[in-house]
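We have chain B already, so just place chain X on it with the hints.
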Amino acid sequence: MTHHYQCNGPDHTLSRRRMLGALAGGGVAASTLGIDGLLRPAVAEDMKSKQRQVLFIWLDGAMSQLESWDPKPHTEFGGPFRAIPTSVPGLRISELLPHTAKQMHRLSLVRNLHTVFEDHSRAVKPIQRGDPKNRGVTYPFLGSAVAKFLGPGESRLPPYLHIKPGSGGFHYQDAGFLGARYGAIALGDGKPPSHMTRPKSITDEADAARNALRQKLNQRFRKGRREAEIDAYDYSFSSAQQLMKRKDLFDPSKLTAKDQERYGTHQFGRHLLQARRLLEAGVTFVKVTMYYWDTHADNFNLHADLLAQFDRPFAAIMDDLSDAGMLEHTTVIVLSEFGRTPKISQKVGRDHFPEAWSMCMGGAGLAQGAVVGKTNAKGTWIEGEEYDIGHVFHTIFRAIGIDPAKTEYDNNGQPLPLANEDCGPIKELLV
Amino acid sequence: MAAVKQKPTPSETHLSRSLKHEAQLTCCRFSPCGKFVVAGSYDGSLLRWDLSEKDAKKDSKTVSTGHHGWLETLAFHPDKKRLYTADSWGKLCCWDYTEAKPKLLWSNDAAHDGWIRTLAVSPDGKLLATAGNDQIVRIWPAGGGKPLREMTGHERHVYSLAFAPDGKALVSGDLVGRVLHWNTSDGKLVRELDAKPLANRVKIVDGGGVRNLAFSGDGRHLACSGITDFGTSVVKGFPGVVLLDWKSGKQTRLLRPKDYETEYKTKGVFVEGLRFHRDGFLIGAGGNGEREGALWFWDPKKVDPTFQINPLPGSRDLDIHPDGTRLALVHFTANGRGKNGGNGRKSTPEEYRCHHGIVALYEMSPKPKAPAGG
Numbered sequence: 001m002t003h004h005y006q007c008n009g010p011d012h013t014l015s016r017r018r019m020l021g022a023l024a025g026g027g028v029a030a031s032t033l034g035i036d037g038l039l040r041p042a043v044a045e046d047m048k049s050k051q052r053q054v055l056f057i058w059l060d061g062a063m064s065q066l067e068s069w070d071p072k073p074h075t076e077f078g079g080p081f082r083a084i085p086t087s088v089p090g091l092r093i094s095e096l097l098p099h100t101a102k103q104m105h106r107l108s109l110v111r112n113l114h115t116v117f118e119d120h121s122r123a124v125k126p127i128q129r130g131d132p133k134n135r136g137v138t139y140p141f142l143g144s145a146v147a148k149f150l151g152p153g154e155s156r157l158p159p160y161l162h163i164k165p166g167s168g169g170f171h172y173q174d175a176g177f178l179g180a181r182y183g184a185i186a187l188g189d190g191k192p193p194s195h196m197t198r199p200k201s202i203t204d205e206a207d208a209a210r211n212a213l214r215q216k217l218n219q220r221f222r223k224g225r226r227e228a229e230i231d232a233y234d235y236s237f238s239s240a241q242q243l244m245k246r247k248d249l250f251d252p253s254k255l256t257a258k259d260q261e262r263y264g265t266h267q268f269g270r271h272l273l274q275a276r277r278l279l280e281a282g283v284t285f286v287k288v289t290m291y292y293w294d295t296h297a298d299n300f301n302l303h304a305d306l307l308a309q310f311d312r313p314f315a316a317i318m319d320d321l322s323d324a325g326m327l328e329h330t331t332v333i334v335l336s337e338f339g340r341t342p343k344i345s346q347k348v349g350r351d352h353f354p355e356a357w358s359m360c361m362g363g364a365g366l367a368q369g370a371v372v373g374k375t376n377a378k379g380t381w382i383e384g385e386e387y388d389i390g391h392v393f394h395t396i397f398r399a400i401g402i403d404p405a406k407t408e409y410d411n412n413g414q415p416l417p418l419a420n421e422d423c424g425p426i427k428e429l430l431v
Numbered sequence: 432m433a434a435v436k437q438k439p440t441p442s443e444t445h446l447s448r449s450l451k452h453e454a455q456l457t458c459c460r461f462s463p464c465g466k467f468v469v470a471g472s473y474d475g476s477l478l479r480w481d482l483s484e485k486d487a488k489k490d491s492k493t494v495s496t497g498h499h500g501w502l503e504t505l506a507f508h509p510d511k512k513r514l515y516t517a518d519s520w521g522k523l524c525c526w527d528y529t530e531a532k533p534k535l536l537w538s539n540d541a542a543h544d545g546w547i548r549t550l551a552v553s554p555d556g557k558l559l560a561t562a563g564n565d566q567i568v569r570i571w572p573a574g575g576g577k578p579l580r581e582m583t584g585h586e587r588h589v590y591s592l593a594f595a596p597d598g599k600a601l602v603s604g605d606l607v608g609r610v611l612h613w614n615t616s617d618g619k620l621v622r623e624l625d626a627k628p629l630a631n632r633v634k635i636v637d638g639g640g641v642r643n644l645a646f647s648g649d650g651r652h653l654a655c656s657g658i659t660d661f662g663t664s665v666v667k668g669f670p671g672v673v674l675l676d677w678k679s680g681k682q683t684r685l686l687r688p689k690d691y692e693t694e695y696k697t698k699g700v701f702v703e704g705l706r707f708h709r710d711g712f713l714i715g716a717g718g719n720g721e722r723e724g725a726l727w728f729w730d731p732k733k734v735d736p737t738f739q740i741n742p743l744p745g746s747r748d749l750d751i752h753p754d755g756t757r758l759a760l761v762h763f764t765a766n767g768r769g770k771n772g773g774n775g776r777k778s779t780p781e782e783y784r785c786h787h788g789i790v791a792l793y794e795m796s797p798k799p800k801a802p803a804g805g
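First to last, the protein sequences are chains B and X. Position one of the first sequence corresponds to residue 1 (this note's numbering), numbered consecutively onward. Position one of the second sequence corresponds to residue 432 (this note's numbering), numbered consecutively onward.
Some hints here could point you the wrong way.
[Claimed, not checked] DMTMM-like cross-link-like pairs, simulated, lysine to aspartate or glutamate; straight-line CA separation at most 25 angstroms:
| hint | chain 1 | residue 1 | chain 2 | residue 2 |
| --- | --- | --- | --- | --- |
| 1 | B | Lys374 | B | Asp422 |
| 2 | B | Lys258 | X | Glu586 |
| 3 | B | Lys247 | B | Glu205 |
| 4 | X | Lys634 | B | Asp119 |
| 5 | B | Lys133 | B | Asp422 |
| 6 | B | Lys378 | X | Glu781 |
| 7 | X | Lys777 | B | Asp259 |
| 8 | X | Lys492 | X | Glu694 |
| 9 | X | Lys634 | B | Asp259 |
| 10 | B | Lys254 | B | Asp323 |
[As the list claims (entries may be wrong)] Which bits of chain B does chain X cover? Going by a derived footprint, with three or more residues having C-beta under 8 angstroms, they are:
| hint | segment |
| --- | --- |
| 11 | 65-78 |
| 12 | 265-278 |
| 13 | 300-307 |
| 14 | 335-347 |
Rather than coming from a laboratory, the hints here were simulated on the basis of the structure. We put the CB at the ideal spot given by N, CA and C, even for glycine.
Just chain B, with the same shape it has in the complex (with noise of 0.2 angstroms):
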């Protein structure tokens, strides 16, 4: 069984040492928004005003959408839990998401999904890309696309970071062909990039005339080189310039002990609080990664603990990012590569499924407690209509104010499609 499913190349711990060395370029100004997580209900009207954020929640391993969003109690392929109301009269939903379940009128459910790909190493990566025609070009991640059409905003921060367990780095990979600088920027564990702290033996003086120094070497080092690559470089020492002077952001005393309970001190609440506070401070595109959703054996005791920590934090943010106001222009989508077989295997776990599964989502954009499609009676096949991923893509970024049937990229010269061109966006869901 395999647990992590990380980008290509090496995870690089992303230190201020070395985006200040390795990553020579001139610095971006930029203001800082200067917006706390404890100051959240002051600015909640000031955010209704800010650009379009997302919170992209991926469940790498694939959850199973019958212990989720689709479930099927007392069927063939059933399993063991039961299904329990929702905050949407009829709307039904898994016993694991007890405050989840809660939270039903501000999401919507698809229940419609059938990809094509069937094991990790070729899902993870076309299903984050929207699974696009092939055009001979590496298509980039939902977070480096939105990252390139809705840029930093006014929080200069970078726009598209990336909290994971483990380590950290600057996940190049994600961006394809829009070029390095539309990558993530992980940050292992939801901690900042360590070496963040200037060290104070170096002086306020000494710290510009170095950058001086360094600008003076980018400008050589331009010199005979692709405007891109050095755009990049200097788009990875702006980003490290501002996750400097937001040091606030990963600072824990400024969590409340009541959030701290509300999300839990688990690893994915943390990281979901911690996702919290960066869209309060405007960051565009936060995605937040939780691991070992891959139970071909044991499936059911896994997700009873696995969902359990998923759904208290979950809920806890959709309560957050309601009463901040922010579901007003924050889309929250959450995705695994694909969903798990209703036949429960040998091993009382379930494999993968890309035939017939379930994704959630809602926020700005979207519909409040639809549910798009059905599956049988057993879950096994798709009743009616099928929506592919790239139906997703289209939803999605129709939802953040992005039309792709009147947007294109433009990679050097090359005009491409921001979605699969076979796919539309799925009509239910959008407001």
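This is chain X only, laid out in the frame that chain B set:
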């Protein structure tokens, strides 16, 4: 059928009969009278086979409904009349199993909030204990009604229960290897025992747990079974039984299959079924898939099994017949597309069916010789 004490010979263990059900099975027990074997199913049904029916081709199975989700656990009352069953939706039932078809005597739809994982009947037949994913242990009067005692102390799912042979103690085992010793008379926590080798945490996920508890007949040993050493991956450890000295509460040894480090490195096999034989040896069963299961026979004084049978189909539960020479194991058998461990994708709806369940009856005695000239 009166139980006749016979001397078992584990080394001669052989399959004598397979009893089939369309859905996968969770558990099995022989009735104290020895006449029946019963099983619980993923389809929520209670299955009973009459073992006195000698014609193997004649299916004596009765199917009783009324449960939801999985019928997860069952236990007989020593009165040779009552059978208790519980399901994953929190329902507890009491049946008269001696009728032509088991007759429901009473039920409690909300005995627990959700999945009841285990139940046990006290040796004197006065008490019934239940526990499950709501982390609560309850003691009920065997005749039904409200719980007499409700014990809290577990902080994770409770998987297993066992009464001590003297009936004074009840033990409960959970997901993270805690075994709590309760005083049966007042429900007070007496002590906590350590079966931590069965607790397996991989980064953020807790797996494994105390899947089964069994006291030796003399009350000297408490055996706790499950899986150990997940390492860096979920459900890839080694089958194991933590043997505790009941008096001191200390671990005496960790029982393993033979060559466990090479044979079971990647199979993720739990010891799912666990029973002490009245002759003092311990029997365990477990496994995954059609050929990754085993039966292990341990002398409690030794780490390695004195005898083991493998490969067998993977087992989810085990019981010993009152005559002491027969075993019942619950196996899964592949059905439809998607064989051993596969998932059957791309099959037709007709082919896409659940695996079957088998109650496999084994005899711990020499295999009868085929009739001469036959």
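For each hint, the structure was consulted:
Proposed proximity of B:Lys374 and B:Asp422 is supported: the alpha carbons are some 21 angstroms apart, at most 25 angstroms. Simply put, B:Lys258 and X:Glu586 have alpha-carbon atoms about 21 angstroms apart, close enough for the 25 angstroms limit, and the pair holds. The straight-line distance between the Cα atoms of B:Lys247 and B:Glu205 is roughly 21 angstroms, inside the 25 angstroms bound, and the hint therefore holds. Only pairs whose Cα atoms come within 25 angstroms are accepted, and X:Lys634 paired with B:Asp119 is accepted, the gap being roughly 23 angstroms.
Between B:Lys133 and B:Asp422 the alpha-carbon distance is near 9 angstroms, which keeps this suggested pair within the 25 angstroms criterion. At most 25 angstroms may separate the alpha-carbon atoms for a hinted pair to count; B:Lys378 and X:Glu781 meet this at roughly 12 angstroms. Between X:Lys777 and B:Asp259, the direct Cα distance comes to roughly 46 angstroms. Violation of the 25 angstroms bound is thereby established for this hinted pair. This hinted pair does not check out: X:Lys492 and X:Glu694 have alpha carbons roughly 36 angstroms apart, beyond 25 angstroms.
For the given pair, X:Lys634 sits about 23 angstroms from B:Asp259 by alpha-carbon distance, which is consistent with the 25 angstroms threshold. This hinted pair checks out: B:Lys254 and B:Asp323 have alpha carbons roughly 19 angstroms apart, not beyond 25 angstroms. Note: the segment 65-78 of chain B has 5 residues with beta-carbon separation from chain X under 8 angstroms; the three-residue rule is met and the coverage holds. Counting residues of the segment 265-278 of chain B whose C-beta lies closer than 8 angstroms to any C-beta of chain X gives 3; at least three are required, and the coverage claim holds.
Residues of the segment 300-307 of chain B lying with their CB closer than 8 angstroms to a CB of chain X number 5, which satisfies the three-residue condition for coverage. Three residues within the 8 angstroms Cβ limit are the bar, and the segment 335-347 of chain B against chain X gives 7, so the coverage statement holds.
In the structure shown, a violation is registered for the earlier hints numbered 7 and 8, in ascending order.
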